[in-house]
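Starting from the given sequences, assemble the full structure and let the hints guide the process.
2 protein chains.
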Amino acid sequence: MKKKTFRSLIVALTLILVSLSFSAGAVAQSSGKLEPLVIQQQGSFAVGGTVISTPGTFNPNKPFEPAGQTLHGDHAYVFYQKPVNARKYPLTFLHGAGQFSKTWESTPDGREGFQNIFLRRNFSVYLLDQSRRGGAGRSTVAMNLTPNTDEQMWFQQFRLGVWPDFYPGVQFPKDEESLNQYFRQMTPNTGPFDMDVISDAIAALYARTGPGILVTHSQGGGPGWASVMKSPNIKAVVTYESGSGFPFPDNEVPAPIPNGFNKQLEAYGVPMDDFKKLTRIPIVVYYGDNIPNTRHENPALDYWYAAVQMAEKWAETVNKHGGDVTVVHLPKVGIKGNTHFPFSDLNNVEVADHLSAWLAKKGLD
Amino acid sequence: MKKKTFRSLIVALTLILVSLSFSAGAVAQSSGKLEPLVIQQQGSFAVGGTVISTPGTFNPNKPFEPAGQTLHGDHAYVFYQKPVNARKYPLTFLHGAGQFSKTWESTPDGREGFQNIFLRRNFSVYLLDQSRRGGAGRSTVAMNLTPNTDEQMWFQQFRLGVWPDFYPGVQFPKDEESLNQYFRQMTPNTGPFDMDVISDAIAALYARTGPGILVTHSQGGGPGWASVMKSPNIKAVVTYESGSGFPFPDNEVPAPIPNGFNKQLEAYGVPMDDFKKLTRIPIVVYYGDNIPNTRHENPALDYWYAAVQMAEKWAETVNKHGGDVTVVHLPKVGIKGNTHFPFSDLNNVEVADHLSAWLAKKGLD
Chain V
1 MKKKTFRSLI VALTLILVSL SFSAGAVAQS SGKLEPLVIQ QQGSFAVGGT VISTPGTFNP
61 NKPFEPAGQT LHGDHAYVFY QKPVNARKYP LTFLHGAGQF SKTWESTPDG REGFQNIFLR
121 RNFSVYLLDQ SRRGGAGRST VAMNLTPNTD EQMWFQQFRL GVWPDFYPGV QFPKDEESLN
181 QYFRQMTPNT GPFDMDVISD AIAALYARTG PGILVTHSQG GGPGWASVMK SPNIKAVVTY
241 ESGSGFPFPD NEVPAPIPNG FNKQLEAYGV PMDDFKKLTR IPIVVYYGDN IPNTRHENPA
301 LDYWYAAVQM AEKWAETVNK HGGDVTVVHL PKVGIKGNTH FPFSDLNNVE VADHLSAWLA
361 KKGLD
Chain G
1 MKKKTFRSLI VALTLILVSL SFSAGAVAQS SGKLEPLVIQ QQGSFAVGGT VISTPGTFNP
61 NKPFEPAGQT LHGDHAYVFY QKPVNARKYP LTFLHGAGQF SKTWESTPDG REGFQNIFLR
121 RNFSVYLLDQ SRRGGAGRST VAMNLTPNTD EQMWFQQFRL GVWPDFYPGV QFPKDEESLN
181 QYFRQMTPNT GPFDMDVISD AIAALYARTG PGILVTHSQG GGPGWASVMK SPNIKAVVTY
241 ESGSGFPFPD NEVPAPIPNG FNKQLEAYGV PMDDFKKLTR IPIVVYYGDN IPNTRHENPA
301 LDYWYAAVQM AEKWAETVNK HGGDVTVVHL PKVGIKGNTH FPFSDLNNVE VADHLSAWLA
361 KKGLD
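Residue numbers (our numbering), protein chains in the order written: chain V, 1 to 365; chain G, 1 to 365.
It should be emphasised that the hints constitute simulated quantities derived from the structure, not laboratory data.
Predicted model, so just to flag it, every value in this text is computed and none were measured.
For every residue, glycine included, the Cβ atom is placed at its ideal position computed from N, Cα and C.
Hints are supplied without guarantee of correctness; some may be wrong.
[Unchecked claim] Chain G side only, calculated, beta carbon under 7 Å to chain V, not exhaustive:
hint, residue
1, Thr54
2, Ala142
3, Pro147
4, Trp163
The following block contains the structure:
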């Protein structure tokens with residue numbers, strides 16, 4: 001047999017068995033030993049961004065003079081993996097404030113995050129570092145970085161508990177190393193956060209990948225909605241704990257919601273034609289546990305109370321105009337104890353199962 | 001047949017065929033269509049770093065006051081992939097100045113970089129973002145970031161050519177998008193470059209992974225040598241275009257080498273006991289093409305002339321003390337046209353083949 005034919009046969013048999021292995025191994029994650037991931041293609045690239053330049057002529061023998069030189073910045077950075085026999089729509093993941101693509105990789109205690117979980121469910125997975133964050137650090141706008149001690153604030157804002165106590169039943173590992181890893185998955189803005197710059201890059205990504213599903217977290221919610229208004233290739237949005245950046249029709253913007261974290265949680269207005277784009281796709285908005293249903297003296301809890309109020313108003317407004325937004329409060333569907341990071345919490349497979357069911361229900365898988 | 005037994009059988013058959021597929025598919029890369037990557041495990045974590053804190057007591061209801069709060073910073077960030085049937089020693093990759101882990105991922109024109117190439121050769125692969133760079137951006141020391149136009153300088157320093165001309169025969173794609181991607185794989189320091197902080201993190205990584213091989217690029221060379229002096233688990237070093245940070249015995253430090261890029265290329269001294277650690281492992285130092293063998297009016301070329309002089313002195317010194325350093329000038333072994341990034345150049349499979357042969361020769365695979 002010729003070497004090439006032999007290889008093709010082996011590859012074909014491998015792929016058949018890998019498929020069988022996936023079907024048979026659906027429960028493998030909970031049984032400890034994981035099956036190998038079979039990746040048809042993986043890689044990375046920059047997308048979007050702009051170029052600035054200094055007037056003048058570059059002198060090759062005086063390279064430290066900025067004249068005639070350029071800077072390519074404000075792009076997003078993307079690492080992607082495509083499994084064999086990928087489903088129709090890839091999942092693109094956008095992190096929240098202070099985070100980067102790591103959000104979706106290994107959990108703080110080293111379990112698999114949504115990157116691996118959804119690869120195993122045969123989705124292509126694109127992980128973004130938004131413009132001016134992480135690997136997409138080259139910014140066209142200056143930024144001063146100062147090392148501020150702020151982690152006890154984040155511990156509360158991300159709803160692990162009220163420092164130094166974890167919430168009873170919280171789905172976060174209690175060992176010291178997990179908290180160490182959790183704090184170290186933060187990385188600063190290297191330029192001002194700019195929803196417009198970020199959503200331009202995401203729209204450019206969708207122009208490249210074609211139709212897909214966008215999954216956002218927290219602060220990423222805002223650029224996510226803006227991206228939908230810029231790209232018809234976003235066929236659905238899944239957002240975890242979106243807290244700000246909700247767009248309303250210009251004449252229906254609700255009053256800011258006062259809260260103890262950022263004083264006023266504001267929405268913003270967009271032309272009706274843009275807003276209507278949000279009504280044409282299915283959207284699910286998830287919230288975790290330990291969010292009060294009245295105002296609260298703790299600024300973190302008061303903020304999440306306000307965020308949920310705003311999200312409910314927004315869902316109602318989109319749906320009133322013909323949209324399909326579902327707000328899921330995880331504790332109300334029996335999934336308890338989740339923090340601001342349900343996708344990396346101890347029960348993240350259960351959280352993923354809920355998402356898989358929603359995608360199936362909407363015909364998106 | 002029980003479901004679990006059936007799954008085990010399928011998995012076993014899959015792994016056998018995957019192994020065959022790898023053996024049979026060794027030439028697949030050059031034939032266009034690539035075989036799937038079969039990954040036993042992949043994930044990410046932070047390693048090393050420190051914790052700073054502000055004196056006082058944290059008040060849960062006043063989370064914006066820094067008192068009693070911490071900042072975890074200065075760690076490195078690692079993304080790893082382990083293929084099925086991995087070889088004994090993983091390869092850990094450290095980028096150079098202005099770069100991050102992306103250096104080793106897709107090339108500017110979208111071909112596979114060393115991450116995928118060496119996964120296909122059954123090495124486990126660890127990609128680092130060094131402390132205060134990329135995803136490891138949380139720094140304990142302040143930094144002001146300003147968007148300086150400097151890319152024509154880098155075009156020359158990275159030896160693509162003398163702007164705006166590419167060197168004849170250079171192994172870099174000439175299309176506009178490749179250069180766009182290349183410039184966008186830069187990302188700034190989010191704190192001062194600190195060889196000691198970075199090598200502490202790398203030593204911590206090797207304490208976690210066990211014995212392995214370190215592959216460094218350019219500025220990464222310096223932290224690489226420092227890491228060898230801190231960790232007995234580094235069993236070999238491969239460095240591409242190391243330009244600075246060579247350690248010599250305290251009483252054998254050579255004079256700085258004048259050059260038009262950074263005025264003086266300096267080496268530094270370490271106690272003999274530390275230096276001797278560099279003599280106990282095999283080391284290969286690679287340089288690409290278009291490096292002059294005399295001084296040059298162009299600062300970039302003058303710098304690389306100086307860097308090679310220093311590297312040759314260093315290799316001679318390590319070998320004189322019983323070491324095993326090989327300096328490979330790629331053009332002298334028939335591999336022509338390489339830039340400062342041989343591992344992502346158009347001929348990077350050939351460059352990888354040379355490395356594979358060296359690893360085999362040293363019994364490291």
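Evaluation of the provided hints:
no.: 1; hint: Thr54; result: 4 Å, holds
no.: 2; hint: Ala142; result: 5 Å, holds
no.: 3; hint: Pro147; result: 5 Å, holds
no.: 4; hint: Trp163; result: 6 Å, holds
When each numbered hint is compared with the structure, no violation occurs for any of them.
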